[in-house]
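J.: The primary structure of each chain is shown beneath.
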Amino acid sequence: MAIRSFLIFFIFFFFSSLNPILSLYEDQVGLVDWHQQYLGKVKQAVFHTHKTGRKRVVVSTEENVVASLDLRQGEIFWRHVLGSNDVIDGIDIALGKYVITLSSGGSILRAWNLPDGQMVWESSLRGSKHSKSLLLVPTNLKIEKDNIVIIFSNGRLNAVSCIDGEVLWEKDFEGESLEVQHVIQPTGSNLIYVVGFASSSLFEMYQINALNGELLKHESAAFSGGFLGEVSPVFSETVVALDSTGLILLTISFQNGKISFQQMPISNLVKDSFGPAKIIPSSITGIFAIKMNAVTIVIRVTNENKLEVVEKTNHETSISDALSISEGQQAFALVQHAGHEIHLRVKLAHNWDDNLLKESVKMDQHRGLVHKIYINNYIRTDKSYGFRALIVMEDHSLLLLQQGEIVWSREDSLASIIDVTTSELPVERDGVSVAKVEHNLFEWLKGHMLKLKGTLMLASPQDIAAIQSMRLKNSEKSKMTRDHNGFRKLLIVLTRAGKLFALHTGDGHIVWSHLLQSLQKSKVCQHPIGLNLYKWQVPHHHAMDENPSVLVIGKCGPSSGAPGALSFVDTYTGKELSSLSLVHSVAQVIPLPYTDSTEQRLHLLIDADKYAHLYPKTPEAISIFEREFSNIYWYSVEDDSGIIKGHALRGKCTGEVADEVCFDTRELWSIVFPSESEKIIATVIRKQNEVVHTQAKVIADQEVIYKYISRNLLFVATVALKGSGEIGSVTPEESWLVAYLIDTVTGRILHRVTHHGSQGPVHAVFSENWVVYHYFNLKAHRYEMSVIEIYDQSRADNKDVWKLVLGKHNLTSPISLYSRPDVITKSQSYFFTHSVKAIAVTSTTKGITSKQLLIGTIGDQVLALDKRFLDPRRTVNPTQAEKEEGIIPLTDSLPIIPQSYVTHALRVEGLRGIITVPAKLESTTLVFAHGVDLFFTQLAPSRTYDSLTDDFNYALLLITIVALVAAIFVTWTLSERKELQENWR
Amino acid sequence: MGAGRRWAVDFSDNSTAPSSRDIPDPPGFTRASVDQDDSAVSRQKKDAEANWKAQKAWEVAQAPFKNLLMMGFMMWMAGSTVHLFSIGITFSALWQPISALQGVGKGKLSYDFYFSNAVDSSKFHFDFAVFEPYKDNKVDLLGPKLLFIALNLGGLALGVWKLNTLGLLPTHASDWVSSLSPAQEVEYSGGGIPL
Chain R
1 MAIRSFLIFF IFFFFSSLNP ILSLYEDQVG LVDWHQQYLG KVKQAVFHTH KTGRKRVVVS
61 TEENVVASLD LRQGEIFWRH VLGSNDVIDG IDIALGKYVI TLSSGGSILR AWNLPDGQMV
121 WESSLRGSKH SKSLLLVPTN LKIEKDNIVI IFSNGRLNAV SCIDGEVLWE KDFEGESLEV
181 QHVIQPTGSN LIYVVGFASS SLFEMYQINA LNGELLKHES AAFSGGFLGE VSPVFSETVV
241 ALDSTGLILL TISFQNGKIS FQQMPISNLV KDSFGPAKII PSSITGIFAI KMNAVTIVIR
301 VTNENKLEVV EKTNHETSIS DALSISEGQQ AFALVQHAGH EIHLRVKLAH NWDDNLLKES
361 VKMDQHRGLV HKIYINNYIR TDKSYGFRAL IVMEDHSLLL LQQGEIVWSR EDSLASIIDV
421 TTSELPVERD GVSVAKVEHN LFEWLKGHML KLKGTLMLAS PQDIAAIQSM RLKNSEKSKM
481 TRDHNGFRKL LIVLTRAGKL FALHTGDGHI VWSHLLQSLQ KSKVCQHPIG LNLYKWQVPH
541 HHAMDENPSV LVIGKCGPSS GAPGALSFVD TYTGKELSSL SLVHSVAQVI PLPYTDSTEQ
601 RLHLLIDADK YAHLYPKTPE AISIFEREFS NIYWYSVEDD SGIIKGHALR GKCTGEVADE
661 VCFDTRELWS IVFPSESEKI IATVIRKQNE VVHTQAKVIA DQEVIYKYIS RNLLFVATVA
721 LKGSGEIGSV TPEESWLVAY LIDTVTGRIL HRVTHHGSQG PVHAVFSENW VVYHYFNLKA
781 HRYEMSVIEI YDQSRADNKD VWKLVLGKHN LTSPISLYSR PDVITKSQSY FFTHSVKAIA
841 VTSTTKGITS KQLLIGTIGD QVLALDKRFL DPRRTVNPTQ AEKEEGIIPL TDSLPIIPQS
901 YVTHALRVEG LRGIITVPAK LESTTLVFAH GVDLFFTQLA PSRTYDSLTD DFNYALLLIT
961 IVALVAAIFV TWTLSERKEL QENWR
Chain B
1 MGAGRRWAVD FSDNSTAPSS RDIPDPPGFT RASVDQDDSA VSRQKKDAEA NWKAQKAWEV
61 AQAPFKNLLM MGFMMWMAGS TVHLFSIGIT FSALWQPISA LQGVGKGKLS YDFYFSNAVD
121 SSKFHFDFAV FEPYKDNKVD LLGPKLLFIA LNLGGLALGV WKLNTLGLLP THASDWVSSL
181 SPAQEVEYSG GGIPL
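Chains R and B are the protein sequences, given in the same order.
Counted from 1, the first sequence has number 222 at position 222 by the UniProt record's numbering; the numbering is strictly sequential.
Counted from 1, the second sequence has number 91 at position 91 by the UniProt record's numbering; the numbering is strictly sequential.
Please keep in mind that the hints were generated in silico from the structure rather than gathered at the bench.
Just to be clear, a hint being listed does not mean it is correct.
Claimed, not checked - Restraint ranges, calculated between C-beta atoms of paired labels, are given here: (1) R/Leu-958 with B/Leu-84: 26 to 36 Å; (2) B/Lys-66 with R/Thr-879: 56 to 66 Å; (3) R/Pro-898 with B/Leu-84: 57 to 67 Å; (4) R/Asn-631 with B/Gln-102: 54 to 64 Å; (5) B/Leu-84 with R/Arg-820: 41 to 51 Å; (6) B/Ile-98 with R/Lys-473: 49 to 59 Å.
As the list claims (entries may be wrong) - Each computed SDA-like pair below joins lysine to any residue, with the alpha-carbon atoms no more than 20 Å apart: (7) R/Lys-883 with B/Leu-153; (8) R/Lys-610 with B/Gly-167; (9) R/Lys-799 with B/Val-82; (10) R/Lys-803 with B/Val-82; (11) R/Lys-679 with B/Gly-192; (12) R/Lys-687 with R/Phe-673; (13) R/Lys-883 with B/Val-82; (14) R/Lys-707 with B/Asp-175.
Cβ coordinates follow ideal geometry from the N, Cα and C atoms, glycine included.
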C-alpha cells in the first residue's frame with residue numbers, strides 16, 4: 001500500500017513538474033501540422049528512362065539538393081540535402097545505376113545508388129589550386145573492364161573508378177598557370193583534350209591518354225586579342241570562343257595537335273551589332289548560341305569551320321544540351337517566349353531546317369521566363385521519337401512538358417524563403433460560405449455514426465482508418481475565412497526568386513502566388529534582390545471592406561548604394577497594388593509604431609547616405625510623423641568596422657535631395673569595439689510586435705521583482721578576431737566572447753559579460769526581459785547556452801500595498817529612456833548537446849502563457865525547450881517556496897526530451913528559420929519552420945488550458961447531462977409520490 | 001416560517017400572554033379572569049421560567065466556542081499549503097460564523113433596528129432565531145447575544161487568518177502588481193545591420 005501511494009505521488013509529481021511534454025499520439029500527426037518537401041532551383045538534370053524500371057530524373061539544385069524525381073508525377077523518390085558549404089558542381093549517371101555527384105568545389109565525389117539513393121562510395125580528390133570543376137562520364141571508356149569518371153577540379157585531372165571510387169590516375173596541372181575551360185572526350189577514342197587559357201592571351205591544349213593519364217601532346221598558341229569568358233565546344237576538336245572585346249568570334253581547332261584560329265567579327269555575321277556578346281554554354285555538335293543584350297543568335301559551324309547565322313531573335317531563348325537519340329544523331333531543344341505562350345522546338349543538330357517537334361504551351365505569366373531546359377526522348381507507339389522537356393522557370397519552378405501540355409509542376413521556389421509574415425483571412429460574411437457542405441445527408445449521418453462507434457470503442461480497424469482520414473481531411477481547417485481561435489491565417493512568404501506566395505496555415509496549400517514586377521530583371525534593375533516583408537496595412541476598423549496589404553522591399557544589386565524597389569501587395573488576392581522604383585537606396589527599414597487613419601503603418605526607410613525617407617508619402621503621415629519627430633531614433637550596426645552608431649532626426653532634407661518626406665539625421669552616439677579584440681558576430685532585438693503581459697515577476701515568498709522591459713534593447717555578441725573562424729581553430733586562451741545589452745536610444749551599455757575560452761557562432765533570441773544565446777565553450781569542448789535576465793531595480797521599492805490598491809503609483813506611466821536606469825542582471829549558463837541552426841521563442845496574443853524556446857537543431861528538427869530550464873534563479877537545492885514557484889533544480893546541462901521535438905518524426909531539411917505567430921487563443925502559438933522543407937504546427941506551451949482538446953469526449957458529456965436530467969426528474973416524481981403517501985397516512 | 005415546515009407543535013406556554021396567533025379563545029373563557037385568579041402562582045412559575053431561559057440563552061451563546069476550538073484544531077491539522085483539504089476547512093471555518101450570524105437569523109428580522117418604537121431595554125433590538133425561544137420581557141438577552149456575536153466574529157477572524165496563512169488574501173504587493181502592463185516608453189528606436 002505504501003509503495004503504491006508513493007508511486008502515485010511520484011507520478012503526480014513527475015507530471016506536475018515536467019508537464020510541458022508535448023508529445024503527440026500517432027493518430028494526431030497531420031491534424032494540425034503539415035510538412036512540404038522542396039528542392040530549390042534546378043541547376044542540372046539528368047534523365048534516366050531505361051525500358052525497365054521506373055522513369056525518373058535526377059536533379060541537382062542551388063539549395064545543394066540532389067534528388068530523384070518520378071517522371072510521371074514529379075514526386076520525390078529520394079533526396080539528399082548536402083550542407084550549405086557542400087555546393088554541387090555537377091551530377092551525372094554512370095553505369096545506369098549510380099548517380100555521381102561532384103561537390104565542395106570539386107573536392108568530393110560521391111556515388112549514390114539510383115533506385116533508392118543510398119550512398120555507394122565517396123572519395124575526396126586532392127588539389128589546392130582553385131579552378132573550374134568539371135565532371136565527365138564517358139560512355140564507352142573502360143580501363144580494365146572498369147568504367148571511369150573523369151573529373152577536372154582544383155587544378156588536377158582525375159580518373160576515378162565507377163565501381164568503388166578509387167582514383168585510377170591523376171594528372172597535375174597545378175604548376176601551370178592554366179585556366180582550364182573545357183575537358184573534351186571524343187566518343188570512341190581513348191583521348192582526352194584539356195583546353196584552357198593561360199595568361200589571358202594564350203590558348204593551351206593538352207592531349208592525354210585516357211587509359212593511364214599520360215600526356216601525349218601539349219600545344220599552345222597565342223592570340224593577341226585575348227579571350228573573354230567561356231568556350232563552347234562545337235566539334236570534338238574545335239571550340240568557339242570570343243575575343244576580349246566580345247566583338248570577334250574565334251573558331252579554334254586543334255586537329256592533329258595543331259592549333260589554328262579563325263576570326264570572324266560578329267558584325268560580319270549580323271548586320272546591326274548590339275555591343276559585346278556572350279556565349280551561351282551548350283554542347284551541341286556544330287551549333288552554338290551567343291547573346292547580345294536581349295538578342296539571341298544561333299550560329300551553325302560547318303565542317304570547314306565556316307560560321308553561318310541560322311536564327312536571330314528578340315525573344316528570350318533557352319537552349320538545351322545535346323541528346324543523342326541514335327547512332328550519330330543529336331537532338332536539342334529551343335524554347336522561346338511569346339506572350340502567354342512558350343514555343344518549344346526540337347531539332348537535329350545537323351539539320352537545322354527541320355523540326356522534330358514543334359509545340360506551343362500556354363504558360364502562366366507568374367512563372368516568368370524559361371531559364372533552363374532539359375530534354376529526353378521516348379519512342380512512341382508508331383516507332384517515332386517523342387520528346388519530353390523539363391523546364392526551369394524564372395520563379396524557380398520546375399515543369400515537365402510532354403505533348404504540348406504541362407504534365408506536372410513543382411513550386412520549388414519555396415525552398416529558398418527570404419522572409420515570412422502573416423495576414424489574417426477575410427471575415428466570414430453572411431451568405432458567403434467557402435467551405436464545402438457535406439455531400440448529402442447520408443454521408444453526414446455515416447460520418448457521425450462512425451464517430452459514435454469510435455467513441456464507444458466499437459470501431460473495427462477499417463473504421464478507425466476511415467475516422468482518421470475524416471479527421472485529416474476536415475474541411476474546416478482549410479476554409480478561407482477567419483476562425484474564432486485564430487488558427488487559420490495566411491503565411492505570406494517572399495522567396496529568393498522574387499515570388500510572393502500565400503500559404504494557408506490549415507493545410508499548407510498555396511492560396512495565390514505572384515512574381516513581383518519590382519523584383520524582376522529589367523533595364524533599370526539588372527540584379528534585383530528581395531530583402532524583406534513588412535505588414536503595410538492591417539485593417540481592424542474596416543476589416544469587412546478593406547483588404548490587408550504587405551510591403552515588399554527589394555533593391556537592385558548587391559551593393560549598398562543600389563536603389564531600392566517597393567511593392568505593395570494585397571494579401572487576399574495577391575494583386576500587386578503598386579510598385580515603386582526608388583531613387584534612393586535602402587539600408588534600413590524601420591516600421592514605426594504609428595498608423596494613419598487608413599491604418600497604413602508608417603515606415604521609415606534609411607538610405608546609405610543616412611537620410612530618412614517616410615512612407616506612405618501622404619500629408620497625414622507627415623503630420624503624424626512630425627508630432628513624434630523628437631522621439632524617433634535609429635541605430636546602425638556596422639559589423640565589418642565594429643561600430644554601433646545611434647542617430648536622431650534633425651529636420652527636412654536640404655540640397656538636391658530635398659523632398660517633403662525626406663529627413664536629415666545626425667549622429668548621437670557611437671560604440672566602437674576594438675577591432676583586434678572584438679568583432680561583432682551577432683545582434684538580436686526583441687520582436688517589435690511582442691506582447692508582454694506584466695512588468696512584475698512574483699518570486700518565492702510573495703516578493704516582487706520588476707522586469708526591465710524595453711523595446712529599445714539590443715543584444716550584441718562579439719568574439720576575438722582570432723576566434724571568429726571555425727570552431728577549434730584557436731586555443732581557449734586566444735578566444736573569448738563578449739555579450740552586451742545596449743540601449744539603442746541613449747547608447748548606454750546596460751550589461752556586459754565576457755565568456756573566456758568561448759567561440760561563435762552565436763545564435764540568440766530576445767524576448768521580454770531576457771536573452772538566451774548559444775555558443776561554443778572551447779574549454780569544456782561543448783556547446784553552451786546562457787541566459788541573461790534584466791530587472792529594473794528602481795521600481796523595486798514599490799512595495800506599499802495601499803498605494804498599489806489605490807493606484808497611487810507611477811509604474812505604468814510613460815517613461816523616458818534618458819532617466820537614469822538602475823538595472824540588475826541575473827545570468828546562468830548550461831551545457832547543451834546540439835549545435836543550433838536557429839532559435840526562436842513562442843509568442844502568444846496576451847503574453848500570459850509561459851514561453852518555450854524553439855531550437856532548430858543540426859539534425860534539422862525543431863526542439864521545444866521550456867524557458868523554465870533557462871532560469872537564472874535555478875539552484876542546486878531550491879527551497880520549498882522556490883519549488884512551489886516552479887524552479888527546477890539546477891543541472892549542468894539542459895535536458896533534451898525526445899517527446900518535445902515539435903517536428904516529431906519529420907525533418908525540415910536545410911532549416912534556416914523558425915517563425916512564431918500568436919493565435920487568437922491565448923494558449924496557442926503557430927510555428928512555421930522553413931528551409932528546403934516547410935513545416936507548420938500549433939503549439940500550446942502550457943497545454944490548451946483555455947479550450948477543450950480535440951479528443952474531448954463530447955458524447956460522454958452529453959450522455960452524462962441527459963442521464964442526470966433524467967435522474968432528477970425520476971427522483972423528483974418519486975419523492976413527490978412518497979410525500980403524498982406520507983401526508984395521507 | 002419557511003415553506004419546508006409543514007406543521008409544528010408549539011410547546012411554549014402562551015397561556016399568560018394574549019394569543020399571538022389568530023385563534024379565538026374558546027367560548028365562555030375570558031382571559032382576564034384566569035390571570036387574576038392565580039397570579040401569585042403564575043408569577044413564581046414565570047420567575048423560574050425566566051431563570052431557566054436566561055441560563056439556556058447563555059448556553060446557546062457559548063456554543064460557538066466549542067466550534068471555535070474544533071475549527072482551530074482542524075486548521076492546525078490542515079497545514080499551511082494550499083490543497084483541497086485545507087481550502088475546504090478554511091471555507092467551512094468562514095462559512096459557519098457567517099451562516100450563524102446571518103443565515104440562522106433569517107426567520108425574523110435580523111439586525112433590525114427598531115428606532116421608531118424603541119421601548120425595549122436595549123436601544124438596538126437584535127432578533128435572532130437562535131434566541132427566539134428564550135425571548136422574555138424579564139430576561140435580558142443582550143449579554144448572550146453579544147457573546148454569540150463576539151464568538152462568531154472570532155471564528156470568522158480565525159478563518160480569515162487561515163486564509164491569509166494560505167496566501168489567499170491580497171495583502172502583498174505582488175497581488176496588486178502581477179497584472180500591471182509594462183510602462184510605455186517615450187522614445188522609439190529601430191535599425192540594425194544594413195540590409
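J.: Compare the structure with the hints numbered earlier in the document and write down the numbers of the violated ones, lowest to highest.
T.: Result: hints 2, 3, 7, 8, 9, 10 and 12 break, sorted rising.
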